[in-house]
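On the provided structure of chain P, position chain U as indicated by the hints.
Order-wise, the sequence lines are chains P and U.
When we follow the numbering used here, the leftmost residue of the first sequence carries the number 1, and every step to the right adds one.
When we follow the numbering used here, the leftmost residue of the second sequence carries the number 1, and every step to the right adds one.
Derived from the structure by calculation, the hints contain no laboratory data.
Do not rely on the hints blindly, as some may be mistaken.
DEER-style ranges, computed between Cβ atoms [to be verified]:
| id | chain 1 | residue 1 | chain 2 | residue 2 | range |
| --- | --- | --- | --- | --- | --- |
| 1 | P | D149 | U | E238 | 41 to 49 Å |
| 2 | U | G364 | P | G50 | 16 to 24 Å |
| 3 | P | V73 | U | N168 | 30 to 38 Å |
| 4 | U | R280 | P | V73 | 52 to 60 Å |
| 5 | U | I161 | P | V73 | 50 to 58 Å |
| 6 | P | G50 | U | P283 | 51 to 59 Å |
| 7 | U | G249 | P | V73 | 22 to 30 Å |
| 8 | P | G50 | U | G213 | 33 to 41 Å |
| 9 | U | G321 | P | V73 | 53 to 61 Å |
Quick list of in silico lysine-lysine cross-link-like pairs, DSSO-like style, CA-CA up to 30 Å [claimed, not checked]:
| id | chain 1 | residue 1 | chain 2 | residue 2 |
| --- | --- | --- | --- | --- |
| 10 | U | K370 | P | K88 |
| 11 | P | K100 | U | K345 |
| 12 | P | K184 | P | K215 |
| 13 | P | K59 | U | K244 |
| 14 | P | K59 | U | K360 |
| 15 | P | K62 | P | K224 |
| 16 | P | K219 | U | K360 |
| 17 | U | K301 | P | K62 |
| 18 | U | K301 | P | K132 |
| 19 | U | K370 | P | K62 |
| 20 | P | K100 | U | K244 |
| 21 | U | K345 | P | K88 |
| 22 | U | K360 | P | K88 |
| 23 | U | K345 | P | K62 |
| 24 | U | K345 | P | K59 |
| 25 | P | K88 | U | K244 |
Predicted model, so just to flag it, every value in this text is computed and none were measured.
No residue lacks a Cβ here, since even glycine has one placed at the ideal position from N, Cα and C.
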Amino acid sequence: MADRYTDIVNTPIGKAIVKQFGLPSPIPLERYKPGQPVTSGPVLLGGAPGGRLAPELTKILKAIDAETYTPLVDDLRIAAAAADLDAKIFNAEVAGAELKFKGLVFDATGIKSPAELNALWAFFSPTIRRVKTCGRVIVLGTTPELCKDPEEHVAQRALEGFTRSFAKEVKKAATCQLVYVAPKAENQIESTVRFFLSPKSAYVSAQVVRISAGKASPKLDWDKPLVGKVALVTGAARGIGEAMAHTLARDGAHVIVLDVPQAAEAAAAVAADIGGSDLAVDITALDAPKVIADYLLKSHGGVDIVVHNAGITRDKTLGRMKQEVWDLVIAINLQAIHQIDTMLVALDVLREGGRIVAVSSIAGIAGNFGQTNYGTSKAGVIGVVNAYAPLAAKSGRTLNAVAPGFIETQMTAAIPLTIREAGRRMNSMSQGGLPVDVAETVAWFASPASGGVNGNVVRVCGQSLIGA
Amino acid sequence: MTKHVRRVAIVGGIRIPFARQNGPYAQASNQDMLTTTLQALVDKYSLSNVTIGEVAAGAVLKHSRDFNLTRESVLGTTLAADTPAFDVQQACGTSLETTILLAGKIALGQIDSAIAGGVDTTSDAPIGVNEDLRKILLELNRSKSAADRLKAAAKIRPQMIVPNIPGNMEPRTGLSMGEHAAIMAKEWGVTREEQDELTVRSHRHLAAAYDTGFMGDLVTPYLGLERDQNLRPDSSIEKLAKLKPVFGGPEGTMTAGNSTPLSDGASCVLLATEEWAKARGLPILAYFVDGQVSAVDHVHKHEGLLMAPTVAVSQLIDRNGLTLQDFDIYEIHEAFASQVLCTLKAWEDPVYCKERLGRKTAMGSIPVEKINPHGGSLGAGHPFGATGARLVAALAKGLHAKGSGSRGLISVCAAGGLGVTAILEA
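Isolated chain P (complex conformation) (with noise of 0.2 Å):
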């Protein structure tokens, strides 16, 4: 599971050695540590002439005390007064080059049509070369599909090729996003760009998320965001899962472990750790459904985020496959979810509010070698996230999907390594992910402050170049 080769090549030799070979150089990740600020340095915010965002973003930055910096331009540095943001000066012509950011905020609604899209060139060209190990970059448009004017569309459309360029661009192990904002979505965002700002998505990079309009987001204390809150997490006794109740658990939730039977045992062990609950039901059982519904309503009097993390992978090339493996794959990774869910929510469980996660992956996006029956489940839980999260979004709910590249678990650790280094290294980090950057994208999902975030499946992948 150890990625010697990570460890080896930050070494001073093998730092030498690296260079010479132009071999891979993964950078540490700074993952984050409770207690700690978003973010560790400046941020520098920027903004296409009339955006919309500005108002809100700067109200974020103060909120989380970041030295910010922006142009000296009327926008910006209104809104940075009204929301009483001592933000710094940046002017590229004469800043001097030990001014680095560990952001870039760029907020994008303000371009109209393609002609406008130099305002990107102007604020990045710049500073590309002052984003700092392990930085964050954020551009912010409108949603194109909810563009009025088609040049509008087109533009902020385009904006998606910048960001996966940008991202691959960047280098140091820093990340780049594209957060699409609907209309009068504004006040939806504060979620989403604590997260992509902060060392919380270390390993998620060039992903594009929609946010929509909603009800404004309640106060929150950030370090705890999902206190009193309960917390379904499957498959969670061991690897990603375990790491999903154990982060769900650090921002204050009350986490029910579910696994099979077989694995009650580590699953209990999990829940003592996070003093949470155990639950152990095997969700294919035909009664599951109805047996998880009444736990939760007995013992909690209801759920408010579901993570369908439960999978197995049943590998065979397609002509070799028998027909039981296809169908248990299915079953569990794919069928479970949905009738999970249509009990909760018949049943009244799923609370105002609830948050539905459910787990994909980069070979329901990519497709694999040898995993037809996977790649097919995976994809369908995209399909899950497409065909309800319109009618999550009706009940106050939402419904995401996370989906993992490459990360390191026992699951990975056996796949042979010629092909195991291949989909560590063929990504922007140059390394796998943990199972904690996969939790951590959960967490957001599940904060009451990401009421706006629904119907995404966002790439926890370090921009993995399979499938993109």
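This is chain U only, laid out in the frame that chain P set:
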């Protein structure tokens, strides 16, 4: 006790042309220059044998023997010898401060007339004895016996010959004024081009003021100099662009062109009550309205050393119920082009105006043609103590030309994080 505050008239001012360091005034002392300038004012307004209420002037670089510089200078003129005087030292704000102080005395009815001025020489600067040597010499002086004297004298070492030369270093930061301005320029993102443009304007405006005769009665020739030695009427962006940075490192934007040079010179203005002026048939160019001196904390809060005028003007306009746009002429001392640009940007910046000045909105911008319309310190040069009175005289005359009701603002930054500002109106 007077029952009400009296209006303070500005009769007019005069100065000698400003010279560059070690130029034509290299041999002139502060007292020489101040005496000459006061005498020029006496001649201009027929004040021989007149007793003036009080004269206040001062210099930044001052010999200890000049402890009564102004009084001694008065005694060297044809003013009545019973004219009292005092010295003030407030860095580059000196002669605006003397104006404010004396205007206050007139307003309160303590005096009816006054001369405010200032002088400085960077050529005839006081050089101190080496600090170690000074201590030994003082010990020698205290010694009572020959043996003690010998003991003290034996401590003298050859290296103690190195004298103590005054520098324009901020005592609490160890940085020169220019380095401080360079930090501010960087903080505010001020470009080289902006600074050079402002510098060219300063030279051209001053040259025009000479050519049109505006300067005619504001400057009296001295030691062969008829115009400011630093003035380059043919100054251009192209020429300035060739200069190497002198502050802010090799990537810096501040050059010898867009920073004021070390200069020598003196200036003064005549203030009076309306009655005093009218009784002598003297003109009234303008009135002194109000003055404000403020400071920033460049030591603990690391505020921009030369940003204090932003604070002073903010307070001054509020007290007088004015906005920054309510002026016809702005005389902003150009210590460095970058200082002026930082000040203007600060007033335009909603964040600075809220966070530093406690205002709800930005103070706003000023039309560039209203700033230093008759030239500024970059063109004229900047003898520290003399600049304030130069500004008062030029503004009073400029407002008089604009006509009754016109209003002007003076803003001067000074060492120690000081800002000295005033309002005049015609």
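query = Among all the numbered hints in the text so far, which are the ones the structure does not match?
reply = Numbers 8, 9, 13 and 19, in rising order.
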